[in-house]
Amino acid sequence: MKANVGGFDKIARILAGIVLIGLAATGTVGVWGWLGIVPLATGLMGWCPAYTLLGLNTCPLKE
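Going by the working numbering, the sequence shown opens with residue 1, and the numbers climb by one from there.
In short, the hints are calculated from the structure, not lab data.
Heads up, some of the hints might be wrong.
Label pairs and their in silico Cβ distance ranges [claimed, not checked]: (1) G30 - P60: 16 to 26 Å; (2) T26 - L61: 15 to 25 Å; (3) G6 - G27: 26 to 36 Å; (4) L61 - T28: 35 to 45 Å.
All C-beta atoms in this analysis are idealised placements derived from N, C-alpha and C, irrespective of residue type, glycine included.
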């Protein structure tokens with residue numbers, strides 16, 4: 001797995017994931033908020049399978 005999520009994208013994913021999980025834990029948005037695990041995990045790993053399928057890369061590091 002090569003990193004394909006970088007900088008701002010990574011921070012935005014982590015924050016969105018934390019917010020969604022927090023809202024789900026408090027019952028504000030229901031069970032759909034637990035999908036926040038996906039952006040949180042991809043932000044922490046720095047790799048997004050959807051980006052791989054679509055050929056996208058926001059990571060500034062060159063191979």
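Each hint tested on the structure:
no.	hint	in the structure
1	G30 - P60: 16 to 26 Å	37 Å, violated
2	T26 - L61: 15 to 25 Å	37 Å, violated
3	G6 - G27: 26 to 36 Å	34 Å, holds
4	L61 - T28: 35 to 45 Å	37 Å, holds
Comparing the model with each numbered hint stated earlier shows that hints 1, 2 do not hold.
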